[in-house]
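> Using the sequences and the accompanying hints, generate a full structural model.
Each chain is listed here by its residues.
Protein chains: 2
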Amino acid sequence: MKIGIVGGTGDIGEGMALRLSPKYDVIVGSREETKAITTCETCRETLGVRGLECSLIGVTNQRAVDEADIVVLAIPFKHVTPTLKALTGFEDKIVITPVNPIERTDYFYYAPPPEGSAAMMIKGMLPSSATVCAAFNNVAANKWKMLEEELDYSVAVCCDDDGAKKTVMDLVNTVSSLRAYDAGPLAAASIVESVTPLLLNIARFNRMKDVGVKFV
Amino acid sequence: MKIGIVGGTGDIGEGMALRLSPKYDVIVGSREETKAITTCETCRETLGVRGLECSLIGVTNQRAVDEADIVVLAIPFKHVTPTLKALTGFEDKIVITPVNPIERTDYFYYAPPPEGSAAMMIKGMLPSSATVCAAFNNVAANKWKMLEEELDYSVAVCCDDDGAKKTVMDLVNTVSSLRAYDAGPLAAASIVESVTPLLLNIARFNRMKDVGVKFV
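Chains as they are written, first to last, in the numbering used here: chain A, 1 to 216; chain B, 1 to 216.
Hints are not guaranteed to be accurate.
[What the hints assert, rightly or not] Simulated pairs of lysine to any residue, SDA-like, Cα-Cα distance not exceeding 20 Å:
| no. | chain 1 | residue 1 | chain 2 | residue 2 |
| --- | --- | --- | --- | --- |
| 1 | B | K166 | A | A203 |
| 2 | A | K145 | A | I37 |
| 3 | B | K214 | A | E149 |
| 4 | B | K85 | B | E115 |
| 5 | A | K214 | B | E115 |
| 6 | B | K166 | A | R207 |
| 7 | B | K214 | A | D182 |
| 8 | B | K166 | A | K214 |
| 9 | B | K214 | A | A141 |
[Unchecked claim] Which bits of chain A does chain B cover? Going by a derived footprint, with three or more residues having C-beta under 8 Å, they are:
| no. | stretch |
| --- | --- |
| 10 | 104 to 114 |
| 11 | 123 to 129 |
| 12 | 180 to 187 |
| 13 | 198 to 205 |
[As the list claims (entries may be wrong)] Here are some chain A residues pointing at chain B (derived, C-beta under 10 Å):
| no. | residue |
| --- | --- |
| 14 | L47 |
| 15 | T81 |
| 16 | V192 |
Just so you know, these hints were derived from the structure itself, not from any lab. Backbone N, C-alpha and C fix where the C-beta goes; we use that ideal spot for every residue, glycine too.
Here's what the structure looks like:
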């Protein structure tokens, strides 16, 4: 299974490349191919020190979409619209969105687009044969890159297609100690995305770091 | 400290009476005083079997407000407006709202009022000297009454007054293994309330029961 990471040079993207490339073929995309290549070199070194082999290539975002079976949109919410407008070829792909529309004043709050959630907005921007899945939304960005850290969290997965949902849940369950939960259809993704500003508030007001969530 | 429970004969209200009355003076309110008295008798028996003494009286909702330092609104969202319109005397009280505005189709979703959350709506209906605190929103209703069950969950607390917030967080931390977290000002309560429909979806789609949440 080939996993393309759009925005693969950011914190989440690079962390996903590190965690997924020992098990899957990972295609790291970036607006600038050279950046993607550099990220892959860094990942290979980090994994090599740990004696881990990996399958990683650095390419443009467009090639990451073209060559992947599953595309992860590892980009901030504000970059989603310009990024998706510049890309084509999402037909028949599974597209994972870990994107959370968040704003802050003296606290963090959920600021979804008119579609109700980043997930629903993304669905509306992609061809109808693409299957959008919300997943990984509540995993702290910093933790992805810290390979020495176990990711012992619950991951809520929303999707309208049962087959794609199962594929993504299986993928989630291969990452560290992440545990996937079916959280319903894509329209229910807003309440998954909105957990992230809550976790940021919990971290901020209780002087904690990289707070995650577990369903128990 | 006297804790008045408006709607104290429902599942959450009765469960709170059971869990709080061994440690605090609990005033169970109901629209019908006789129901409140019956609930208190049931609670006393349940606690007595366990060798626990308790301080419990059953009264009207109005008397529960009048005699309490802290008032808990243990009522469904749809009852909030008629209940609060029928009650007076909230001046200078701490008012805890565990209320979640939830609707369902084939999944559960967050359906806040125009004020943005049940908490903010409640604040708008009460005198300005009342201090509204969102707490206990994500504890499964059924679990409250099962005294044999440890409540090992995180509780996000939102409030605009630091003193009242601390009082409520201290109260939360005395209940079973609940652990209170400062989740910011009352305006941030929407993302706390919205966790509950997510937990209901997780329970439903993964065939689980009484799902709760932990911040880790």
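> Determine for every hint whether it applies to the structure shown.
Do the hints match the structure? See the list:
Proposed proximity of K166(B) and A203(A) is supported: the alpha carbons are some 17 Å apart, at most 20 Å. Simply put, K145(A) and I37(A) have alpha-carbon atoms about 17 Å apart, close enough for the 20 Å limit, and the pair holds. This hinted pair checks out: K214(B) and E149(A) have alpha carbons roughly 18 Å apart, not beyond 20 Å. Using a Cα cut-off of 20 Å, the hinted pair K85(B) and E115(B) holds, with the two alpha carbons roughly 17 Å apart.
Only pairs whose Cα atoms come within 20 Å are accepted, and K214(A) paired with E115(B) is rejected, the gap being roughly 29 Å. Restraint check: the Cα-Cα separation between K166(B) and R207(A) comes to about 16 Å, which is no more than 20 Å; the hinted pair holds. About 18 Å separates the Cα atoms of K214(B) and D182(A), which keeps this hinted pair within 20 Å; it holds. At roughly 25 Å between alpha-carbon atoms, K166(B) and K214(A) are farther apart than 20 Å, so this suggested pair is violated.
Restraint check: the Cα-Cα separation between K214(B) and A141(A) comes to about 19 Å, which is no more than 20 Å; the hinted pair holds. Counting residues of the stretch 104 to 114 of chain A whose CB lies closer than 8 Å to any CB of chain B gives 5, so the stated coverage by that chain holds, three being the minimum. Counting residues of the stretch 123 to 129 of chain A whose CB falls under 8 Å from any CB of chain B gives 0; the rule of at least 3 is not met. With 6 residues having a Cβ less than 8 Å from any Cβ of chain B, the stretch 180 to 187 of chain A passes the three-residue criterion, so the hint holds.
For the stretch 198 to 205 of chain A, the proposed coverage by chain B is satisfied: 6 residues have a C-beta within less than 8 Å of a C-beta in that chain, meeting the threshold of three. Using the Cβ-Cβ criterion of 10 Å, the hint placing L47(A) at the interface with chain B is not satisfied: the shortest such distance is roughly 26 Å. Proximity of T81(A) to chain B is violated relative to the hint, the smallest CB-CB distance being about 23 Å (cut-off 10 Å). Using the Cβ-Cβ criterion of 10 Å, the hint placing V192(A) at the interface with chain B is satisfied: the shortest such distance is roughly 6 Å.
Taken one by one, the earlier hints fail for this structure at numbers 5, 8, 11, 14 and 15, listed in ascending order.
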